[in-house]
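Participant: Listed below are the residues making up each chain.
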Amino acid sequence: MSAAPPGEQPRVWPMYRAMVGVGLMCGLLIVGVFQWTGPRIARNRAEALERAIFQVLPAARSSTTFRLVDGERFEPRGEGDAADSLVHAGYDAEGELVGLALEGRGMGYQDVIHVLFGYAFADETVVGIRVLESRETPGLGDRIETDPGFLANFDALDVRLDESGSALAHAIEPVKPGEKTEAWQVDGITGATISSVAIANILDQSAAFWIPRIRARLDDFRGAQP
Amino acid sequence: MSDESVPTPGTDEFVKGLWRENPVFVQVLGMCPALAVSNTARNALAMGLATLFVLVGSNLVVSSLRHFVPRQVRIATYILVIATFVTVVDYAIQAISLDLHKALGAFISLIVVNCLILGRAEAFASRNHVGTALLDALGMGTGFVLALLSLGAVREILGSGSLFGVPLFHEGFQGWVVMILPAGGFFTLAGWLLLFNWLRERRATRLAALEPVGATGGGR
Amino acid sequence: MSHAPTGTLEIRTSPHVLSGYSVDTIMFNVVLALLPASAFAVWAFGWTALLTLATAVAACLATERVAGRLSGGGSTLADGSAAIAGLLYGLTLPPGLPLWMVAVGGVFGLGVGKALFGGLGMNPFNPALVGRAFVQAAFPVPMTTWVPAFAPERFAALPPSTLTPPFTAPVYDAVTGATPLALWKFERVTVSASDAAMGFIAGSTGETCAVLILLGGAYLVARNMMSWRIPVAIFASVALLSGALHALGPDVCPPPLFMLFSGGLALGAVFMATDMVSSPMTGRACVAYGVVIGVLTVVIRVWGGLPEGVMYAILFGNALTPHLDRWLQPRVYGTRAEAGS
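Protein chains in written order, with my numbering: chain A, 1 to 226; chain B, 227 to 446; chain C, 447 to 787.
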């Protein structure tokens, strides 16, 4: 601000009064709005997550979120736990574990793609996928979210473990459009090669990390039905 | 900070923002949200309404506090007030729809730095009565909503062949992908600016032709 | 030039000797130089290529006419620059592209790329490439779907996509080819350089036969109507950079000969980058401009998301042109080097 005219000292008290007064008022307003909308926002978040989980695990009727502890055990996620290393277990109407919704992320054509995919543990397949976040080109790369032929790859994608139980029996591999012959291959999309290959690689990495750990500790999930 | 502004008819404070001093098409303010989130009519409308709310709220508060806040701290106070209303809008949108919040992304928080809002607070609300400031904010905000909506509508119709998500064309419509991308925002904005300037220029020439030589220019 | 209707100042570096060539003489010779490549395109892709070229030229001429009328000037069709822009634009498009998309790009290229900047001589970017860039961004799928060359029924029937009604997405035959660059990008398969040079490959209408394009360029250089520095600088920098990268490993970059003859490099280097309006004026600036385009082309092809990058490289070079002219001014005659700036 420009200096006060000579002979007239800027008075400090009105400045403090104004700043503190306005600050207090604004603070109260924000707290009030937060109190009022907070529960509703939390409910929206939980509903959005459940919708996504039920979409990738069509057999599930309820879900619980777990987190990975010490790189080997799973515990139900408590309030305020860190938001990384999470898996979401889905249960059917009888409370039996039907599978898990796993997250994966990796580089797409434009930016990081973040996906959620369902792992049905009985027949050891991926049964559904949903893109949570992507910035792929509209009309081209974003067909990974809409192309029915591509999404059909994930109706029953083979992710069995090998005999040692520490790695996938067959890595998920991207192939050219229309050349899928094995249950662990992912058909690409013509014109969206990079994005579809990225999805296959993200799935492969995430599955190779999570599935051996999950199968080693299946009881962690069974013991914690909602 | 005097109240010596020329008294004008109240409706004019409202109407000027719609067309003559339209914030986007004439003043070219608030370009960041206007270009970034006008890819669908729904996003554009939501962003416009959020801005309208912040504008009305901050203009009201700034105008009613205009004798209370000393000159030296006025900008800091305005920013504080504007940021508060932006936070309120942010929570409100999250409570209404998370999908909408995701689509608008960081641009909700960026309403804070929208020149339009600080500009109205500094140039108008801090010098006028609460009622006039309210009319001004409503007019400018509505002008902003209309501008964003006209950008969003063009981009959505050409880019996805729909309006507010409702398909407008037969099956097999070829979308113009570029219209959904940032480049399409620039093209659409340029098109509207061209139209506006052409209309204003035509009007100015007509008025000049009508007015007798030497008359004082009172026409707008 | 004395009767230039716009009254703009002619700014060229000295010596100011009139060559005797006027705009329309040069334009006529450029068309002549483009004829072999265009004829080959029609022979290789059939009637659809002819329709694509005709639509592109017609759209550009119509836009030029309308823009001329709106701006109050006379008809500027006679100088032939709009027809050339249309022909060049048509040659960069994939055959089988719906004709309505061809028209959209032509209108955009001439309207936004040229008329809005003030017409011939004012456009900072090559109008043909502006049109193509717009179509590429607006309709990425049709722009990357390629009809194979030398299809047996190419003179008997049109591909179903060509006559798609306006605003409708095209439907393609099952038989579509991939360009050599796309094959390399996504599958690491290289086509032999001789096939690419002779044009027995899929690609845009005019970019497949590199030999005929080079022939046309040689004719223009021989008639002293084109700066030889630009294409030579582009080819040399592409060859050197891709050669160095290829030496690192065949998976990093395909061999230099393949890089030179595939995609739109020949067409772009000979006919697009040398556009008199949007390229630099002085010798050193021309060389720098060519090197920038060549290096960018290789960088986009090797590391970028798209298989082809000549178009963006040239548009970028266009944007740099005024700066290159400023930075690399020739020494004023009679001054010492230090004082020459």
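It should be emphasised that the hints constitute simulated quantities derived from the structure, not laboratory data. A hint or two may mislead.
What the hints assert, rightly or not - Simulated restraints, written as ranges between beta carbons of each label pair:
#, chain 1, residue 1, chain 2, residue 2, range
1, A, 92, B, 253, 55 to 63 angstroms
2, C, 769, B, 290, 46 to 54 angstroms
3, B, 325, A, 28, 28 to 36 angstroms
4, A, 215, C, 701, 42 to 50 angstroms
5, B, 241, C, 619, 53 to 61 angstroms
6, B, 435, C, 489, 57 to 65 angstroms
7, A, 158, C, 599, 39 to 47 angstroms
8, B, 324, C, 768, 45 to 53 angstroms
9, C, 701, B, 395, 42 to 50 angstroms
10, A, 178, B, 322, 42 to 50 angstroms
Said to hold, decoys possible - Away from chain B, derived, C-beta distances all over 10 angstroms, residues of chain C:
#, residue
11, 475
12, 522
13, 616
14, 619
15, 752
16, 781
Built from N, CA and C at the ideal position, the CB exists for glycine as well.
Participant: Quick check: which numbered hints come out false for this structure?
Facilitator: Of the numbered hints, just 13 does not hold.
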